[in-house]
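S.K.: Sequence:
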Amino acid sequence: MDFDSAKLIAAGLAVMGVIGSGIGIGMIFASFISAVGRNPAAADDVRAMTFIGFALVEALALFALVIAFLILFGISPSA
Numbered sequence: 369m370d371f372d373s374a375k376l377i378a379a380g381l382a383v384m385g386v387i388g389s390g391i392g393i394g395m396i397f398a399s400f401i402s403a404v405g406r407n408p409a410a411a412d413d414v415r416a417m418t419f420i421g422f423a424l425v426e427a428l429a430l431f432a433l434v435i436a437f438l439i440l441f442g443i444s445p446s447a
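Add 368 to a position in the sequence shown, counting from 1, and you land on the number used in this note's numbering.
Computed Cβ-Cβ distance ranges for the label pairs, DEER-style:
{"no.": "1", "residue 1": "L438", "residue 2": "I401", "range": "31 to 41 Å"}
{"no.": "2", "residue 1": "M369", "residue 2": "V434", "range": "18 to 28 Å"}
{"no.": "3", "residue 1": "F422", "residue 2": "L381", "range": "21 to 31 Å"}
{"no.": "4", "residue 1": "I420", "residue 2": "G388", "range": "15 to 25 Å"}
{"no.": "5", "residue 1": "L440", "residue 2": "I387", "range": "14 to 24 Å"}
{"no.": "6", "residue 1": "M369", "residue 2": "D413", "range": "48 to 58 Å"}
{"no.": "7", "residue 1": "R406", "residue 2": "D370", "range": "50 to 60 Å"}
{"no.": "8", "residue 1": "V434", "residue 2": "G394", "range": "18 to 28 Å"}
{"no.": "9", "residue 1": "I401", "residue 2": "F431", "range": "21 to 31 Å"}
{"no.": "10", "residue 1": "L428", "residue 2": "M369", "range": "22 to 32 Å"}
{"no.": "11", "residue 1": "A410", "residue 2": "A374", "range": "47 to 57 Å"}
Simulated from the structure, these hints should not be mistaken for laboratory data. By construction, the Cβ of each residue, glycine as well, lies at the ideal position given by its N, Cα and C atoms.
Kindly produce the complete structure, drawing on both the sequences and the hints.
M.R.: Right, here's the structure in full:
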């Protein structure tokens, strides 16, 4: 296997972290909708925590993309 093929495989594996992030974001907002449906008076308190959780999960997806781009464009065979 040559170096370019290994880079592409490694970048593809690094991007797989985005799958978990997508599932996590879906679960966060599904729980938010359920919580607001059960107790609409607490919507403001729940909304703040929902967006904090969303930001943290989205940050993990961005980290996975950054690692994939570093693998693709930052590593050379002479390094």
